[in-house]
Amino acid sequence: MHNVIERILNLLAFLLTVNRPVTAEEIRFTVKGYDQPSDEAFRRTFERDKDLLRSLGVPLDMTATDIWEVELGYVVPTEDYILDDPGLTEEERSALFFAAQAVKFGGQPTEMGALFKLGGSLSPLTSPVVGADLGPGLDVVGSLFGAVSERRRITFDYRGKARVVYPYGLLHRKGRWYVVGPEKGDSVTKAFRVDRMGAMTVKGDPGQFKRPRRFDPSAALSEVTAVQGDQEAIVNVDSEIASVAMARWPFAEQVESTEDVTILRIRYDDALRVVQWALSFDDRIEIVSPGALRDRLVAHVEHVA
Amino acid sequence: MTSPRTVQRLSRILSVLPYVIDNPGTHVDDLASRFGYDDSNDLVSDLHLVIVTGLPGYGPGDLIDVDILDGEVYVDAADYFAHPLRLTAPEALGLVAAGMTMAKSDQAPKALGSAVAKLASVLGPDVMDAVQFEVQTPPVLSELRAAIEQRRPVRFDYVGIANNRRTTRTVEGWAVTFNMGNWYLTGHCHLAEDRRVFRVDRIENLETLSDAYLVPVDEDVHHVGYSPTESDVQVVFDIEPSSRWVTEYYPVETEQLADGGLRVRMSVADPLVAARLILQLGSDVRAVEGDAVVEALQDLRSRIRARYARTK
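Sequences listed follow chains Y and H, in order.
Following our numbering from start to finish, the first sequence increments by one per residue and tops out at 305.
Following our numbering from start to finish, the second sequence increments by one per residue and tops out at 1312.
Check each hint, because a few of them may be wrong.
[Claimed, not checked] Mimicking EDC-like on lysine to aspartate or glutamate, the simulated pairs with C-alpha atoms at most 16 Å apart in a straight line are: (1) K1110/H to E90/Y; (2) K190/Y to D216/Y; (3) K210/Y to D1126/H; (4) K174/Y to D1201/H; (5) K203/Y to E183/Y; (6) K1118/H to E90/Y; (7) K50/Y to E6/Y; (8) K1118/H to E91/Y; (9) K210/Y to E150/Y; (10) K1104/H to E1143/H; (11) K210/Y to D1129/H; (12) K1104/H to E1134/H; (13) K190/Y to D157/Y; (14) K184/Y to D157/Y; (15) K50/Y to D61/Y; (16) K161/Y to E183/Y; (17) K1118/H to D1129/H; (18) K210/Y to E183/Y; (19) K1110/H to E91/Y; (20) K203/Y to E150/Y; (21) K1118/H to D85/Y; (22) K50/Y to E25/Y; (23) K174/Y to E1134/H; (24) K174/Y to D195/Y; (25) K1118/H to D84/Y; (26) K50/Y to E26/Y; (27) K210/Y to D186/Y; (28) K203/Y to D157/Y.
[Said to hold, decoys possible] Not the full set, but computed from the structure, chain H residues with beta-carbon under 8 Å of chain Y: (29) A1092; (30) N1164; (31) S1283; (32) Y1308.
It should be emphasised that the hints constitute simulated quantities derived from the structure, not laboratory data.
What you are looking at is a predicted structure, and each value in this text was computed from that prediction instead of being measured.
Idealized CB from N, CA, C, for every residue including glycine.
Next up, chain Y with everything else stripped away, as it sits in the complex:
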């Protein structure tokens, strides 16, 4: 590990001071640590090191080494390398440190690397009473965040189709992440669940699309999903659990309530979802009408092997 760290520090020092694109060949014979015996061994080491630099956040670009564009060389643009310093106070860094300790992603604690870049914090580790897990892992969601902020397009597989999407926004709702935006060549804004995307890749240069002014992913997603349904059902619920049952069916209305039974009116368009909601409360919800929906539940229960 020591060799890697020393070699990378040497490489980075060279790239940050050389002020011109340098070829892999020049790096091999100039920077200390690239004394691998064969071309192949050098190539493998150098490829790994490039990946390492990129995962640290180092912007490593390739440009022509001269105006004839015969050779390509590596360059680290200083202006892109340097942190755009938000100028946090010590107190603000402590506050972020506290928040970072309280929040996990898919069970993984937040990496403190970002906070160290901002200057670290002297606050002791604490065990916050309030915590959150915004799972899944940060890798995919983090890249999507990059695509949203740099306005780059993304490609991924979704429900058996390859998609190209302009990611206007990113939203965390009820434990899930959504990308909201139109598909290329389409004007309809759609929502895609991040955990259902396959082979997601961020493509192309920054600034590929214009985000609508004051774009609000939450409102956009609500438009997509807030379907109340145009059919109506009446259900009897044991009053003991009525409040919980109502919380689990959006827009459920209470018609009548006694100590034992509460009558609810709900709107729906998918009968199966009503049946599954009712069954999640065992025998404590009874569908009264329409008759077809009631029969559907009874048949559903009898079907099981």
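We have chain Y; now place chain H onto it with these hints.
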């Protein structure tokens, strides 16, 4: 592949250098605690790696100078490392998400709001509009938090997830945690005489009592997922491909079947939980194995039959 530890270590070195170049003479112990080193010696080892690096030539004038005098750290001849590296997209999102989420919790330090606003201003204000975290905070959350901080038990009515029955619980709270869109209270329940997890949106008639208790130090107080125990029961059942979604919501093991279906293995503390799930899946379930769950399934089915036979 380079190990994540190497990346972390390098990243930390590249954060320490700009800080110490900007604040020469910072004590090695302060520097270590500021950058999360468990031991100042680990920081010193990292600085010893830095000393042997620098610019081509690699002679005395080309290498980075690190001096530690009476515990005070000085770094010279490394102006190219005078600035911290930009944040990667996952790093920026991690911090912003943590900051925005906790800012809504009412436990947030005052400076968190301004810290998030400053981060937002460098990331671009229109980006911050376009990235949102919906974290609803139920009204009882602040009372629960206050009770836990004061180590005072809470009493409330609760409709259990496992059995859908209403009980009154007295709980010594340990933590409240937001997970998969819901808030949970973890703690020691007097009724169960054991660790329990409660969904906060099912808590009603909350009151704070006046006794005192201790929070165990060796518990993962924010863990709200399922923890298997020896008395759990096992069930195996096959489902149609259309019911594949259950694998995203329940901790199960699956096995692909030749015809496109899935064999699901599940272990549950209460057989009723599995029975309810199987009943919800209806005809998508093909075969069920596991005596306790089969029994619970039959019992649940006859209760539902009875309810639907009684009226109408």
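Earlier hints that do not hold, by number:
When the structure is compared with the hints, none of them turns out to be violated.
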